[in-house]
Amino acid sequence: MKIPGFACKSLPLAVALVLANSAAAQFEPDPLGLTRELPAVYPQSWIIAQDASFFHPNDGKFIVLDAADDSQHGRYKGMFNGSFVAQLAIAESRPEMYVVETFHSRGHRGERTDVLTFYDKRSLAPVGEVVLPPKRALTLPIKFSLQLVDEERLGLVFNLTPATSVSVVELERREFLGEVPIPGCAMIFPTGQRGFSSLCADGAMLTVHLDAQGAVLSTERSETFFDAQADAVFEKPAMHGRMAHFPTFLGNLISVDLSGDSPVIASPWALANGVEGGWRPGGVQPAEADSAGQVYMLMHPGGAEGTHKDPGSEVWVFDPEARQLSARIALRLPAISIELTRGESPLLVATNINLNLDVYDAGSGNHLRTLADFGQETPLVLHGAR
Amino acid sequence: MKIPGFACKSLPLAVALVLANSAAAQFEPDPLGLTRELPAVYPQSWIIAQDASFFHPNDGKFIVLDAADDSQHGRYKGMFNGSFVAQLAIAESRPEMYVVETFHSRGHRGERTDVLTFYDKRSLAPVGEVVLPPKRALTLPIKFSLQLVDEERLGLVFNLTPATSVSVVELERREFLGEVPIPGCAMIFPTGQRGFSSLCADGAMLTVHLDAQGAVLSTERSETFFDAQADAVFEKPAMHGRMAHFPTFLGNLISVDLSGDSPVIASPWALANGVEGGWRPGGVQPAEADSAGQVYMLMHPGGAEGTHKDPGSEVWVFDPEARQLSARIALRLPAISIELTRGESPLLVATNINLNLDVYDAGSGNHLRTLADFGQETPLVLHGAR
Amino acid sequence: MNWVDRLFEQGVRGVAKRTSRRGALEKIGMMLAGAAATFPLLPVARSEEQESDAAASNEGEESGLKETGDPLSCDYWRYCAIDGFLCGCCGGSHNACPPGSQMSRVTWIGTCENPADGKSYIISYNDCCGKSSCGNCLCQRNERDRPVYRTFSANDINWCLDTDSAIYHCTTARVIGIALDS
Amino acid sequence: MNWVDRLFEQGVRGVAKRTSRRGALEKIGMMLAGAAATFPLLPVARSEEQESDAAASNEGEESGLKETGDPLSCDYWRYCAIDGFLCGCCGGSHNACPPGSQMSRVTWIGTCENPADGKSYIISYNDCCGKSSCGNCLCQRNERDRPVYRTFSANDINWCLDTDSAIYHCTTARVIGIALDS
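Protein chains in written order, with the numbering used here: chain A, 1 to 386; chain B, 1001 to 1386; chain C, 2001 to 2182; chain D, 3001 to 3182.
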């Protein structure tokens, strides 16, 4: 459908100017195509803020930030997307990160496709993907919806249709292996060499061990150890290695050792024992551990039925072995999520109720800085980078 | 990969309660599956706010609002999505609206697909689509990137790759017909029966007439009538029927009659003739006409090179036939876009610099209400509904 | 006062504010803790109830239920365990989806006390799906909300599961029965 | 003072505020008029210039160009006609893309005066593409911007056109020559 008589119109004059002058210029023109890269191992002070973009959830973001950097631009290292309440896992043994996300062929309609996307830590570019059964759990961000086991050879994705199961992905060959049903149970807590545990509605824990091909080797159900109606355990434990510290709604802590084949479940103890004020844990991501195994917990006073997602006005620091409260950090602003950076002098980073990130010295509790205006909408969950 | 020994876990107790009681209840349970509908012809006071969601552009929205409704919830009629700076056209002869939008197979990456999506005005549901060459112009919202001609039988989509062309779609059969190159020219201004005109970089107007199959019947190039360097015409005229009133950067108005086969281009006249202060038109959508043919223009004082997108502090009302300024409306807040509702007593709606919509009586200039908090991010352009 | 309300009282995010005495929560920031709207398992609902063909009719006005309160306010009694955008602020109502969205039929249920008669009713929180977040009147009340393993009472789950699209738009609150213990 | 600056002075939208004396514009609201970052036609650039393989190296520091001002500020001289998010605030720099984004090679050019030597230079505003809006340091300066029919000088166009993805992330400002008329 050509229009006769139309010639190619003249190039803009400015182009001619460039060509005429670049040879004679006293300087080198800026190079074309430069793209920044990041280190293969992220510094200890880096975190990744998971922005679910709740008001625009197809445009979720994972924003890489240096929590130790006082400069607005210097702290912003890069960003990668995650579509429709995506989940993130970060490998330690290779420079990779994994995002499980959901697309529709026409944005908000059309065929649904669930994908595990592989990101290179250095380039922040997608380097591979595995298409999954379109069953992954669509929930607010919970770290235990995507976990790595078998020395990071297998990726496990929590599904909810509402029937619950786990999709198994081989990460080196980038291959979907299969699906393991976990009826009545939810979430993925890595267990032993190549297994995982889940919390069940009846107050028990289900443990499944896999073989290298992702097939079920064995399953085991624990005794009932909590009552979801009377005192539910959060499905978001503070993890220190294979030790999972589960807070409960009423303010108990139940530590579960998942290093062996069978979970070893310790007796609960009261976090606020002897402290007045009805303090309870709460928030979106209420509990985390540092590299030394100390447990940090967002706490709010006046706890009652329904306050388990209230922001915490303090972070309490516990020694889980001694079963002791070792410090209380009064927050500058109430917070909904916390994370600790790695290493001996960790930073405590908290998503405050303004949806900015407050950075504290975890040892002294001193507020160091606030990370604001980094392109975020709803940075609900924080991940310590590595 | 079944786990032996797993039975289906018990249904929640509450379900049993429902079943046990619903028969005995003294009331009718709420019906299931109700969905609201809208009228096939929208009331005169309705507008559609085009939210490009510039910070999350894959989640653009078209929000249907009643500008005459004082109630926060009552004014919100519904919403439909538009992906990645979509464009909207509204049919008058049938209850349909058209959105041209862009998808990638993986949200922000992967294969690009451009689509013209058909919406039913009553259901606000997508009822069809035509896949287009992935060439549509990705710009900030401009109404003249998507236009209807031939008594709304043909839809025309402006392409920019950066070569410019127009995709032609048959709207009744929902079929892509072909592509018309318009080198050196841009935008679509419906002309005559089945044609369109475009503005060209050299200051001329190109007019193309099509046959019913979308093939080019004739093309015509006007005399040069403006200088894009010295005094560019905005590519966003105020349209009244087939009469296009183009403001220029320096504040002239050039009216072009597009009702016949050839554009009839009137001589320019100065909008601010005799008014002190260096007033010029400006904004994202600076000019609109009402049903009577009056032209409304966002104006800012102190105009200079580069101020042509500044928000206007006043709306000036012109009689284009008399070439006269007939009224000045001082805005409550400066605005970047305006629109008029239909009918004899139109409302003037303006996107203010807070990104809320101020509603004025177009006749008196009185501020009536502000439409805020309707789920918008960046409602850059307004469309009078019909 | 709920912490979400406190957030708005502080006015810390300009766009996040109460817009009327209704107390309907608006816009950003309030879904901080929980929000995807959603609700535990009632697959039974699919078979037990007739789907209505009527559009925007019979939205419960003549159901015989004694009513009080404002369905556009987060305080409304039926929302005791809701977590999401109120469909009444999105072009729908407390029991009808906005135009162009599709109601999920598998839902989560809550138990709320009706102040008009003092009885507790079973509420089915049907999500409306297929368009992106409505963004208006985000309402979060966590009473008897439980973690995701208690699927049938966890409000962090998106229940656009049996719909053509998994994308969440807003949430309704349908009365479907009387709770035995009331 | 630019109207965008005025918007922030007014502080009308809580999230939209200046965050430092740099004057770098932050977040929402500022792209009100124009913004998709982008810029007229220089297809010639593709063939005339060598693409560098180096990552994050030789970002212009030793180019021999006299420099002044702050590349993280919207006031920076190279940005005289930019319209978009500054890549320097997004993990890149004024002439390098953030990690994982891809630089467009067909670009629009502007002509800006360098206050350090009083000469006018040709600036190529290469977009970085393939990730969604960076959202930081939105900077809009409309000097010599023209409507879309003047494609090579219209800043309302998204120039992620020769890239793997059409999605716009942020914008760089590369000096590529001296303007004859300076």
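Among the hints, erroneous ones may be present.
Quick look at which bits of chain B chain D covers, simulated, 3 or more residues with Cβ under 8 Å [what the hints assert, rightly or not]:
no.	stretch
1	1056-1067
2	1136-1147
3	1317-1331
Honestly, the hints are just simulated from the structure, not real lab data. Even for Gly, the Cβ is constructed at its ideal location relative to N, Cα and C.
Status of each hint after checking the structure:
{"no.": "1", "hint": "1056-1067", "verdict": "holds (count 3)"}
{"no.": "2", "hint": "1136-1147", "verdict": "holds (count 5)"}
{"no.": "3", "hint": "1317-1331", "verdict": "violated (count 0)"}
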